[in-house]
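Colleague: Protein chains in written order, with this note's numbering: chain A, 1 to 339; chain B, 340 to 656; chain C, 657 to 798; chain D, 799 to 1077.
Honestly, the hints are just simulated from the structure, not real lab data.
A couple of the hints might just be wrong.
Unchecked claim - Below are the PhoX-like pairs computed for lysine-lysine, each with C-alpha atoms no more than 20 Å apart in a straight line: (1) A:Lys8 with A:Lys196; (2) C:Lys797 with B:Lys543; (3) C:Lys744 with B:Lys574; (4) C:Lys744 with B:Lys614; (5) B:Lys624 with C:Lys744; (6) B:Lys560 with A:Lys290.
Said to hold, decoys possible - Partial selection, computed: residues in chain A whose CB lies under 8 Å from chain B: (7) Ile53; (8) Ser64; (9) Thr139; (10) Gly188; (11) Glu233; (12) Lys234; (13) Ile236; (14) Val240; (15) Glu256; (16) Leu267; (17) Leu275; (18) Gln331.
All residues carry an ideal CB built from backbone N, CA and C; glycine is no exception.
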Amino acid sequence: MKAKVIKKDDIAGFLDSLLKEYEVFAPVKRDRLVVFDRIHSGKEAFLNYTTSITSPKEILLPQSETLFTYSSTDSAADVEVPSGEERPRLIFGIHPCDVKSLIFLDRIFNEEEYKDAYYLGRRHAMVVVSMGCIKPRATCFCTSVGGGPFSTEGSDLLLIDIGDEYIVQVISDKGEKLLGKAHLEDAGEDRLSLMKRVTQDAEASMAPKLNIDGLKEKLDKMFDDPIWDLLAEKCISCGVCTYLCPTCYCFDIVDETRNSGGERLRLWDSCQFPLFTLQASGENPRPTTKERYRQRIMHKFSYLIDNCGQIGCVGCGRCVTECPVNLDIRQVLTAISNR
Amino acid sequence: MPDLSAKIREVVQKMLREQEVELVIGFEQGSMPLHSTPCFIRNEEDAQRLVWNSFCDNNLAKYLVKRPEKVAIVAKGCDTRAIVELIKEKQVPRDQVVIIGIPCQGMVDRRRIEAELELNEILEYEEQDNKLTLKGDGFTKTVNRDEYLYPCCQACPHKNPTTYDILIGDMVAEQAPDQYPDIAEFEAKPPEERWQYISGEVNKCIRCYACRNACPLCYCKECFVDKTHPQWIGKTTDTNDTFIFHLMRAFHLAGRCVECGACERACPMEVDIRKLNRKLAADVKELFGYEAGTSLDQIAPLATFRPDDPEEFMLGV
Amino acid sequence: MKTEVSGWEPKIVAFLCNWCSYAGADLAGVSRFQYPANVRVIRVPCSGRINPFFILACLQHGADGVLVSGCHPGDCHYLSGNYSARRKFALLKRLLEYAGLEKGRVEFSWVSASEGGRFAEVIAKVTEMVKALGPARKLVKK
Amino acid sequence: MKNPYLPTPMRIERVVVETEDKNIKTFSLSFLHKEDEANFKYVPGQFAELSVLGKGEAPFGMASSPTQTGRLEFTVNKMGLVTTELHSMEPGETIGIRGPLGNGYPVEALEGKDIVVIGGGFGFSTLRALTNFMLDKRNRSRFGDITVIYGARNPGLLLYKEELPEWAKRDDLQLYVTVDRGDEDWKGKVGVVPVIAKEAAPRADNAYALVCGPPIMIKFTLPVVQELGFSPERVLLSLEMRMKCGLGKCGRCNIGNKYVCRDGPVFTLAQLNHLPAEY
Chain A
1 MKAKVIKKDD IAGFLDSLLK EYEVFAPVKR DRLVVFDRIH SGKEAFLNYT TSITSPKEIL
61 LPQSETLFTY SSTDSAADVE VPSGEERPRL IFGIHPCDVK SLIFLDRIFN EEEYKDAYYL
121 GRRHAMVVVS MGCIKPRATC FCTSVGGGPF STEGSDLLLI DIGDEYIVQV ISDKGEKLLG
181 KAHLEDAGED RLSLMKRVTQ DAEASMAPKL NIDGLKEKLD KMFDDPIWDL LAEKCISCGV
241 CTYLCPTCYC FDIVDETRNS GGERLRLWDS CQFPLFTLQA SGENPRPTTK ERYRQRIMHK
301 FSYLIDNCGQ IGCVGCGRCV TECPVNLDIR QVLTAISNR
Chain B
340 MPDLSAKIRE VVQKMLREQE VELVIGFEQG SMPLHSTPCF IRNEEDAQRL VWNSFCDNNL
400 AKYLVKRPEK VAIVAKGCDT RAIVELIKEK QVPRDQVVII GIPCQGMVDR RRIEAELELN
460 EILEYEEQDN KLTLKGDGFT KTVNRDEYLY PCCQACPHKN PTTYDILIGD MVAEQAPDQY
520 PDIAEFEAKP PEERWQYISG EVNKCIRCYA CRNACPLCYC KECFVDKTHP QWIGKTTDTN
580 DTFIFHLMRA FHLAGRCVEC GACERACPME VDIRKLNRKL AADVKELFGY EAGTSLDQIA
640 PLATFRPDDP EEFMLGV
Chain C
657 MKTEVSGWEP KIVAFLCNWC SYAGADLAGV SRFQYPANVR VIRVPCSGRI NPFFILACLQ
717 HGADGVLVSG CHPGDCHYLS GNYSARRKFA LLKRLLEYAG LEKGRVEFSW VSASEGGRFA
777 EVIAKVTEMV KALGPARKLV KK
Chain D
799 MKNPYLPTPM RIERVVVETE DKNIKTFSLS FLHKEDEANF KYVPGQFAEL SVLGKGEAPF
859 GMASSPTQTG RLEFTVNKMG LVTTELHSME PGETIGIRGP LGNGYPVEAL EGKDIVVIGG
919 GFGFSTLRAL TNFMLDKRNR SRFGDITVIY GARNPGLLLY KEELPEWAKR DDLQLYVTVD
979 RGDEDWKGKV GVVPVIAKEA APRADNAYAL VCGPPIMIKF TLPVVQELGF SPERVLLSLE
1039 MRMKCGLGKC GRCNIGNKYV CRDGPVFTLA QLNHLPAEY
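All chains should be modelled from the sequences, with the hints used to inform the complete structure.
Modeller: See below:
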């Protein structure tokens, strides 16, 4: 694998050159929080972060998006689908767990039987420049769910912080092309051995792996297990875990009218909201936190394996750190495995 | 802060042993440093899990609504205030709940500590008296807990339980009644600046409704935001819709908000939610002389009136 | 911040209680009192019927101002509807203005069935205030 | 690939008020554009999302048989936002449609078999579509004996009142119409569907039973059909659940790892026995 090197001081300039060709999304600081947003200048990018509060899924799957607009609510009228993005998108400084979530979403929205034009409009030609995690948080568990702090899967370039410089690992042709005009120096032996030390230290600092072997087989026998009553007891049915989760993709479709016309929107939704499954008759097949929390875990760790061969968790730890009642998915998975 | 964990366990064990209640809601050690988490205790042995420390910040009254069984609850000042309101609103029968009141010395704002430490992650902590010792990879830091209390705790005039059946720990000195200086200060700014500030805050909102769901007084079966028929506000993160969501969320809590700060702590986006709640609390106190959750007898301010209520706001022609 | 748009006339929604203010409006008409034609009247059974969302929905969907008017204290057809409403309105008005909504966008008044002249004056005053503020910009859904 | 979220316009041609309480109406629709009709190929048991711009969408099974060309029929119970709006609409107005969605009844597997249709209340609409499909003169010979058991809570709630007498006259269809509670004018059977099904006792060898109705009816009918000798593989149920996309993506209508909208709504009892008992 080719490896180049770039000075930290040169990153802003590198981003500025990318901005000429791409719509660039990068971590930025808003008050105390780091979120992903579109940047218009290389200086906006804030790379010295651990985990962004919201996940970069919103770049591919906005919290609300217009499916189509209409100038009149008469259904005979023509509806208009918003035109796609003009410039290809580039995500910069995304951590490997979040990159894994992009691959996850691809298997949902870009599969043989269902190709989502809205999603693909944003995803196709997208370039991913990721950044290895030299300081994984204690709540990170990517290695327990098939990822790793320096995983290259899904990236075109991977940056690794070695102090004043980043090693730039070239993963794909797209990545190679991206570096084309940047004329970066080769990393060289010394830097590579420094990188090796940095990555080994980071990997060693990861919290012990969760013992969740055979989780799916367990779950498949546990739908009626009384443990669900206890696991979900403190859940308050808010949407924090699902909205911050990089793989939660469930959505709602609603209409909004303005003047004589309006639009049909696709919005994030959450399986933790009672309204998610409430029927017009008043009947709700998932009436309490027990059924809703069970659905979340089952969907992520069993149903998704059956339906698209992957689990719905990348181990980013957002739901762990942000749950208002400290309902920790790591503890839940462990409790299930110990059942 | 005195460690009352042992005393709480003792009381709870006795209650369960004597079958006084079926369930006790309290706090146990959380899964991360600087976290405690709600726990549900149904038998004597499990009572060992109960703890009391500077991180018991959830308002447990949230879990009392529509419970079938008789419950005991570990309650700080603000939890008891919420319980009082829930009792008055007939959500919790008084004889179905045993309140284990605990005088509170304020809870610690872990986000503020974490923000100050930047990337130095706290991996372990110890609490002794008023000192918190924080340990991480290559650092140890000791801070005074009282300097890191949540904003709502700093202003809290009701640290002691406003009602209780059992009291654990010694009553603490209450500070002077809240004069809402932050609200007065904000109000002194030009309207446009206030508008811009609140617009900026609501723009952070992702409509996850954690503020609503963490609130002990938000128990409506169907929330106004979920209504489709009529649909009062749009469901996107459009600034105006979100602005109205926050205005009306606060308004629905007028005279009911016990200022526990659960909404703000639950918010992952750190929206300044209490800016609105506290305005209403200040107005309710000024106009109607009511402070939520402080009395079981006083009628809720929006459930009553006086013929001579202030009406200086009415259009004079 | 005043924005006087040439030829612009404000749209004002007036929620009038059936028993007093609506009758007052009627009397103003019968008595041929002149008042600005900017008001769209919505008759409600009582000022106590007003859900704050009615007011916010008006502002969101094109009203430049909102007036709520009911019976004078003590005169409520339902005895205490306006008393309860008064507490709600006091808090709501303060909250909206605190959040930065201009004073004068949302107003409350008492007008009895016999106060046709007063009704005309209230409408004139509200219209004048909203005109001075210019078209609504805040909370308006685009 | 066609954008699956775009509704196709249809004109309301006829509205029939089905029930005395006027809460259920059947809408007869025609495509505004001929090419859309050609693209809308469906089998009985499939459903579509009806769309009212400004209000939203709601899923309904096609109540008409695909053998009837030029018209799609939907029986709509007035319940929520979209259905209330639909109920206020009149012939000549336009609505949108997305579909066909779901799997539908396994028509080919049913060929050569005796068919027992058991429906209750509002759930009868797609069974009516299937029955008309089988009764079509081009299809009738492909199926064995047909028994239809249909019940409603009272006579006023029976659907398809124009059609039932036509069916009753036929000699190639055994029809049992029943109500839970009759009135002065009701001359037919009185009794809940499972009881009538037991009385009718259709033969189970070489037969399929198709069941759709309210949960309480299903609960008591399943033991009856199994007692009559229908194996779980030969009992078909059509399920309902809150849906949005109809494409297996929005995530709300699953039972276990199956989506009612995409993998269903028709499941065999054998399939359901392998799925969790709750959603």
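Colleague: Taking the numbered hints from earlier one at a time, note which ones the structure violates and give those numbers from smallest to largest.
Modeller: 3 and 10
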